[in-house]
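Construct the complete structure from the given sequences, taking the supplied hints into account.
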Amino acid sequence: MTTYPLEVNRLTVAYQKKPVLNSVSFQIPSGKLIGVLGPNGAGKSTLLKAVLGLIPKVEGDVSIFGRPYREQRKSVGYVPQRESVDWDFPTNALDVVMMGRYGHLGWFRRPGAKERDIAMECLGKVGMADYAGRQISQLSGGQQQRVFLARALAQSANLYFMDEPFAGVDATTEKAIIQLLHELKDQGKTVMVVHHDLSTVQEYFDHILLLNGELVAAGPTKDIFTPNHLQKTYGGRIAMLQDFAAVPAGQV
Amino acid sequence: MLSTFFNWITDPNMQWILMGSLLLGLGSGVIGSFTFLRKQSLLGDALAHAALPGICIAFMLSGVKSIGLFMIGAIVSGVLATFGIHAITRYSRIKQDAALGIVLSVFFGVGVVMMTKIQHSGNGNQSGLDKYMFGQAASMMLSDVYLVGIVSLILVAVCTLLFKEFKLVSFDPGFARGMGIKVGLLEQLLLLMTVIAVVVGIQAVGVVLVAALLITPAVAARYWTDALGVMIVLAGLFGALSGVTGTLISGTLSNLPTGPVTVLAASSIFLVSVVFAPGRGMVSKLLRRMRQRNEVKRSYGNGLAAVEGDRAMISNRANSSERSAD
Ligand SMILES: Nc1ncnc2c1ncn2[C@@H]1O[C@H](COP(=O)(O)OP(=O)(O)OP(=O)(O)O)[C@@H](O)[C@H]1O
Ligand SMILES: [Mg+2]
Numbered sequence: 112m113t114t115y116p117l118e119v120n121r122l123t124v125a126y127q128k129k130p131v132l133n134s135v136s137f138q139i140p141s142g143k144l145i146g147v148l149g150p151n152g153a154g155k156s157t158l159l160k161a162v163l164g165l166i167p168k169v170e171g172d173v174s175i176f177g178r179p180y181r182e183q184r185k186s187v188g189y190v191p192q193r194e195s196v197d198w199d200f201p202t203n204a205l206d207v208v209m210m211g212r213y214g215h216l217g218w219f220r221r222p223g224a225k226e227r228d229i230a231m232e233c234l235g236k237v238g239m240a241d242y243a244g245r246q247i248s249q250l251s252g253g254q255q256q257r258v259f260l261a262r263a264l265a266q267s268a269n270l271y272f273m274d275e276p277f278a279g280v281d282a283t284t285e286k287a288i289i290q291l292l293h294e295l296k297d298q299g300k301t302v303m304v305v306h307h308d309l310s311t312v313q314e315y316f317d318h319i320l321l322l323n324g325e326l327v328a329a330g331p332t333k334d335i336f337t338p339n340h341l342q343k344t345y346g347g348r349i350a351m352l353q354d355f356a357a358v359p360a361g362q363v
Numbered sequence: 227m228l229s230t231f232f233n234w235i236t237d238p239n240m241q242w243i244l245m246g247s248l249l250l251g252l253g254s255g256v257i258g259s260f261t262f263l264r265k266q267s268l269l270g271d272a273l274a275h276a277a278l279p280g281i282c283i284a285f286m287l288s289g290v291k292s293i294g295l296f297m298i299g300a301i302v303s304g305v306l307a308t309f310g311i312h313a314i315t316r317y318s319r320i321k322q323d324a325a326l327g328i329v330l331s332v333f334f335g336v337g338v339v340m341m342t343k344i345q346h347s348g349n350g351n352q353s354g355l356d357k358y359m360f361g362q363a364a365s366m367m368l369s370d371v372y373l374v375g376i377v378s379l380i381l382v383a384v385c386t387l388l389f390k391e392f393k394l395v396s397f398d399p400g401f402a403r404g405m406g407i408k409v410g411l412l413e414q415l416l417l418l419m420t421v422i423a424v425v426v427g428i429q430a431v432g433v434v435l436v437a438a439l440l441i442t443p444a445v446a447a448r449y450w451t452d453a454l455g456v457m458i459v460l461a462g463l464f465g466a467l468s469g470v471t472g473t474l475i476s477g478t479l480s481n482l483p484t485g486p487v488t489v490l491a492a493s494s495i496f497l498v499s500v501v502f503a504p505g506r507g508m509v510s511k512l513l514r515r516m517r518q519r520n521e522v523k524r525s526y527g528n529g530l531a532a533v534e535g536d537r538a539m540i541s542n543r544a545n546s547s548e549r550s551a552d
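Chains U and H, in that order, give the protein sequences.
Residues are numbered in my numbering as their position in the first sequence, beginning at 1, plus a constant of 111.
Residues are numbered in my numbering as their position in the second sequence, beginning at 1, plus a constant of 226.
I should point out that these hints are in silico values taken from the structure, not numbers from a laboratory.
Where hints are given, some of them may not hold.
Stated by the list, open to error - Residues of chain H clear of chain U, computed beta-carbon distances all greater than 10 Å: (1) 230; (2) 238; (3) 283; (4) 305; (5) 368; (6) 372; (7) 376; (8) 396; (9) 402; (10) 451; (11) 509; (12) 513; (13) 521.
To be verified - Cβ-Cβ distance ranges computed for the label pairs, FRET-style: (14) H/387 / U/171: 32 to 40 Å; (15) U/339 / H/408: 44 to 52 Å; (16) U/290 / H/331: 50 to 58 Å; (17) U/219 / H/237: 36 to 44 Å; (18) U/225 / H/328: 43 to 51 Å; (19) H/229 / U/218: 52 to 60 Å.
Bear in mind that the values here come from a model prediction, so they are computed numbers and not experimental data.
Positions of the beta carbon are idealized from the N, C-alpha and C atoms, including for glycine.
So, in structure tokens, the structure goes:
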């Protein structure tokens, strides 16, 4: 019997009365890049937050590597949506990355030279070493995104959740990030990414979840990324959907 | 006036009061930095105003003026106010700013009515409750001063111990929670500490303005630095300076209420910061812009000179060709 990095059973989440996610169940395989797709308001961020225990769930359970999330926090890394924080906060890039180590430090202990070294290394991995001392409001959007990524790397987790890491980044940065995700995957880590650009889905992800209030489909990209499923996820609004999925999956 | 000042300074009682104001300003500045960064400045103000009915009820029930009891009363009504704000935003469509406004004015209104009642009742005159509106540091008893000083020091100590946790919770609570840090607990603690800072400050600064002593030093400190640690130390210093200045001036100058003077001192520090702080201040921004403009102009000017030179040459040539044509 294998344990999945993430297993979700009949998860229901509601903000007010109306459920935003309705009885969602799925498992994700280990050591893969997983895309979470769906229209705006589909509940993608909500799914991530509920799995991480950031918002209460109405029903259902979540297990990470076969155990409740509470016991697995150190093996989980998180990249929130960039807009979720105030970038005018008085701190610099290196300091933000060091926050990734706080969970390993425990109460009261201050980060020291070791944490600094790890943080520098992670900044280097995302190509931001030169910006370590820069006040975070003076970074561009793409650079801020990289800092968040470096912070997640500093968590040295086995399972990563990333909410739209490609939002507002240029093509070069996107390539650099995807390269990094592949490196994580090669180290046997599992990465779950909320993604919007349907044209790169087949190229980037091994496995996808299609979400629209409920789970439309989940599975290997080549089986699931079909016009039929996309139609169900996004409705009939986008004629172009057909084109994305029409590319024979075998060639990608 | 100078002699009053001198008497004041040398009086050991007054020295203690000054010390108390200093520590109060320090504690308020430090905890206020987190309040400000968590965008809860208005909440601090609401809590301060909400403290008034708590203080009045504590006095009506006990009939004595005791800072300890008043603190309990103020904390209870502060907590009630917080619940009120929560309930309003949760169960109605009213947004937080409006909820704050409603709770602040309702509690303060009730407080003022109660206070007027107390003033007109038998022992009203001895209550000295009117001092709680705008503060009167000089009227503090020595025991009150000790309490204020010790509580402020505890606030500073907790902020030092939990610096890392408070920083993460203020910057990115979602990430902190995902990491297993007890965000709810820490947020409650910060809120409680804000209430405590407000409450201990009330006798010295008054309910109306005590929130300004919480927030203004933090806002001023933000101008001087981009590092949270430095900002907090500066905010503490600015708070301490304001507290001491306020108490000194109000004590020596015809017994002005302490609150307004303290807040004016803090506001002066803020003004100086806005104008002169390096990097973010107005002067430094202006200088930078002028320097940039000069640089741009210089390079542009050089370009122009070169063009002019060319033109001179052309006209020379034109002249000479004209001449040769002649
Ligand atoms: N804090 C909140 N309170 C109430 N409703 C919320 C809250 N956050 C999200 N919602 C609602 O829940 C639904 C799902 O939101 P969610 O943020 O999960 O969408 P998403 O799939 O991440 O969308 P996007 O692509 O725009 O990021 C939306 O209808 C949204 O209006
Ligand atoms: Mg989202």
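Could you tell me which of the hints above the structure violates, numbers in ascending order?
Failing hints, ascending: 8, 9 and 10.
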